[in-house]
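Each chain is listed here by its residues.
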Amino acid sequence: MEDNILIKTKELVKIYPMGQTQIKALNHVNLDFKAGEFAGLVGPSGSGKTTLLNIVGSLDSPTEGSAEVMGEKIEELSHNQAARLRNQHIGFIFQTFNLLPVYTAFENVEFPLLLLGNSADERKKKVMQALEWVGLSDRAKSKPAQLSGGESQRVAIARAVVKKPGIILADEPTANLDAKNSHHILQTMERLNQELGTTFIFATHDEKVIRYLQRKITLVDGKVAKDERFENPVGKGEGQ
Amino acid sequence: MIIPRLALKNLLGAGLRTWLNVVVLSLSFVAIIWSQGLYRGMGDQASQAMIEAELGGGQYWQPDYDPLDPLTLQDAHGLIPDALQQMIEQGQATPILITQATIYPNGRMISIRMKGVDPDQNIISLPSYFLKAENDEIPALIGTRMAKSTGLKVGDSVTVRWRDAQGTFDARDVTIVQVMRTNVQTIDQGQIWIPIKTMQELTLMENEASLVVISKDAAGGGSIANWVFKDLDFLLQDVKALVRSKSLGASILYVVLILLAMLAIFNTQVLSIFRRKKEMGTMMSLGFTRFQVIQLFTLEGALHGVLAAIVAAIYGLPLLIWFSKTGWAMPRSVDSYGFAIGEKLFPTYSAGLVLGTTILVLVITTIVSFLPTRKIAKLKPTDALRGRIS
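Protein sequences, first through last, are from chains A and B.
Residues in the first sequence are numbered consecutively from 922, following the working numbering.
Residues in the second sequence are numbered consecutively from 7, following the working numbering.
No lab work stands behind these hints, which were simulated from the structure alone.
Here the structure is a predicted model, which is why all the values come from computation and not from measurement.
Keep in mind that the hints are not guaranteed to be accurate.
Cβ-to-Cβ under 10 Å is the rule here; a few derived chain B residues that face chain A [to be verified]:
1. 12
2. 19
3. 113
4. 114
5. 118
6. 223
7. 284
8. 288
9. 291
10. 292
11. 294
12. 296
13. 298
14. 301
Ideal Cβ placement from N, Cα and C applies to all residues, glycine included.
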C-alpha cells in the first residue's frame, strides 16, 4: 500500500437503475484515505455519501472505475471474498445501531470474533476490553431492548472495534442520538482513532460530527466538491 | 459450530412464536407415533387372537378348500392323509370339517357354516371341551355375535339342515351348550361348532376333514398328499391388509397435524425473512456470506423439529408408555371392524416407528424451512441493510 494509503478510489462511478431512468449516485470520484484518518463525507441527501461508504465497505460494487481497499480491488471480489474483507478489516457503525436483538451486548460484540474463529478465552478478553473502551463493561449482559440509544450505539462501536479493524465506516452514527450522547460517542471514536490508529470514515450531515473531523470531503451530486483538512478540529471538548 | 449455536440462540430468543410452533409439531410427533402404535397394536392383537383361536401354527388345506368361495365347500373335504393323522394322534394337530348348512331359529332360515372340531383338542383356544356329549343330543357351540343375530341362547334347540357327502339333504336338532365370548369373528359369526365325529357321521364323511390346524410348536411346510400347507403369513394377510387400510385412514389425522405445523413453520420462516432483513444485512456487514445466512435461517427452522422431538419426548414418552400398559378400552362398535381386537387395545411401538417418525418430521421441517430462505440467495447486503428484499 503506497504511502500508507488504505483506500483509493479511481474514477469511481455508481449508477442505480430507477425504473426507465438511471441515477448516477457517484460520478468519477477520486479519493485516497490514509491509515489513521478521522474523515467525513458530508453533503445533502442523495449526494452519494452512503453509496461511497458501501462501496468502500465492500457491501456494494462500482459500476465503473475502481475502489481499492487494504490492497483488494472491490470490483474484482467475489461475494465470499468481500465478506472475508469485511470480517477481517472493516467495522461498521449504523445510524440505527443494528444490534442483533436476541443477543446480549456481550454477544453482539462477540459476533465478529466468532466469525474470525477466535477461541472462547480470547473472545471474552477482547469483548470485555472493547466494552471497557466504550464504558459499558457493566452492561455486558443487557439486551439491546434494555439499552438506551446512546448505550446501543456504544455497543455498536465496541462491536466495530473489537476485532481492531483497519477501517471503521460510520453511516450517520449520531442521527438517532441527542446532543450529549452524540458528543460522548464522537469522543469515544476520536479516542479509539488516536489510541488504536483506526481509520474512521463517516457519512454525515450532522454539524456536531463535522466539528470533530480532521478531514471533510463534501460531495455534491456524486462528485467531490471540496476536500478540506483541519489540524485542530473544533469539536474537541464540546458536550462535556 | 458457530451457525448451530447462533441458530439455537435466535430460535430460543424468538420466545412464544418458537414454542407455539414447537408444541404443534410435538403434537404431530406424538399423534403419529400414538396412532401408528395403536394400529400396530391392533394388527398384533388381531393376529395373536386369530393364531390362538383359529390358525395355530398354520393349516393344511384339503385341495378343494377355499374359504372365500362358499360354493366349493360342498366338495372341500377329504380323507385325512396318514402323515397328518399321525400328527393328530401325537397331539400336534387337529382336524376341522366344514360344510354349508342352514338353521331355522325362531321360524327364520339362516345360512351358516357348520364346523366339526375335536372336543378334546388343545391346539386352538376354541372352547371345544363344551362339546363333550353327555347324552344323545348333539351339542353345539356358538359365539356371542351368532347368538345375538339368531336369538339363540344356552339350552335352546335349533334345527340344522345340511347336504351329506352324497348330496342328500338331512336335518337334525342341535342343542346350544355354550355361547362363547371371543374376539375372533371368524370363529363366531354365521358358524355353529359341533363334535367332528358326530359331523363326520351325519355328513357321511368318515375320517374326513376340510383342513388340519397344526400346533404352534409343530413344523409345517410344503404339501402332504396334495393337502397344501398355508403358513401364518398367508393366513393373516387379510387381517394385515385390513389393518393397513384402517391405519391409512388414520394417517389423515397426522397429515393434517403435520401440515398445520409445517404451515406455522413456513409462515414463521417467511415472516422472519421479511422482518429480519436488517439483521441479515448486519450479519453480512460483519462478515457473513449469503450462504451462511441461508444456513443459519434454514437451521433455525429445522431446529423447530429438534426442539419438538425433545418436547415430544418429555411429555409424549410417559404418555405413550402409560398407554401401552393400560391400553385403550374399545367401544362395542369395533366389532364391525372385521377383525379381533379385544376389550382393550394395547398400542405397540417399535424403535423403527419412533426413529422413522423423527427422521420424517425432521426432513420435512428442514425442507419447509429451506424453501423461503432461497430468496436470501439474491439478497444484496445494501438492500438488506435498508430493509429491502430483492
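Verification of the supplied hints:
At about 8 Å, the closest approach between the beta carbon of residue 12 (chain B) and any beta carbon in chain A falls short of 10 Å, and the interface hint on this residue holds. A least Cβ separation of about 3 Å between residue 19 (chain B) and chain A falls short of the 10 Å threshold, and the interface hint therefore holds. With 10 Å as the threshold, the beta carbon of residue 113 (chain B) stays out of range of chain A, its nearest partner Cβ sitting at about 81 Å, so the hint is violated. Given the 10 Å rule on beta carbons, the hint for residue 114 (chain B) is violated: about 76 Å separates it from the nearest Cβ of chain A.
Interface restraint check for residue 118 (chain B): the shortest CB-CB distance to chain A comes to about 73 Å, outside 10 Å, so the restraint is violated. About 65 Å separates the beta-carbon of residue 223 (chain B) from the nearest beta-carbon of chain A, more than 10 Å, and the hint is not met. Nearest Cβ of chain A to the Cβ of residue 284 (chain B): about 6 Å, under the 10 Å cut. The hint holds. Proximity of residue 288 (chain B) to chain A holds as hinted, the smallest CB-CB distance being about 4 Å (cut-off 10 Å).
Annotation: interface hint on residue 291 (chain B) holds; nearest CB of chain A at approximately 5 Å, less than 10 Å. Because the closest C-beta pair between residue 292 (chain B) and chain A is about 5 Å apart, less than 10 Å, the hint holds. Because the smallest distance between the Cβ of residue 294 (chain B) and any Cβ of chain A comes to about 6 Å, under 10 Å, the interface hint for this residue holds. Hint on residue 296 (chain B) holds. Least Cβ distance to chain A is approximately 6 Å, under the 10 Å limit.
The beta carbon of residue 298 (chain B) comes within 8 Å of a beta carbon in chain A, closer than 10 Å, and the hint placing it at the interface holds. For residue 301 (chain B), the shortest C-beta to C-beta distance to chain A is roughly 13 Å, which exceeds 10 Å, and the interface hint is violated.
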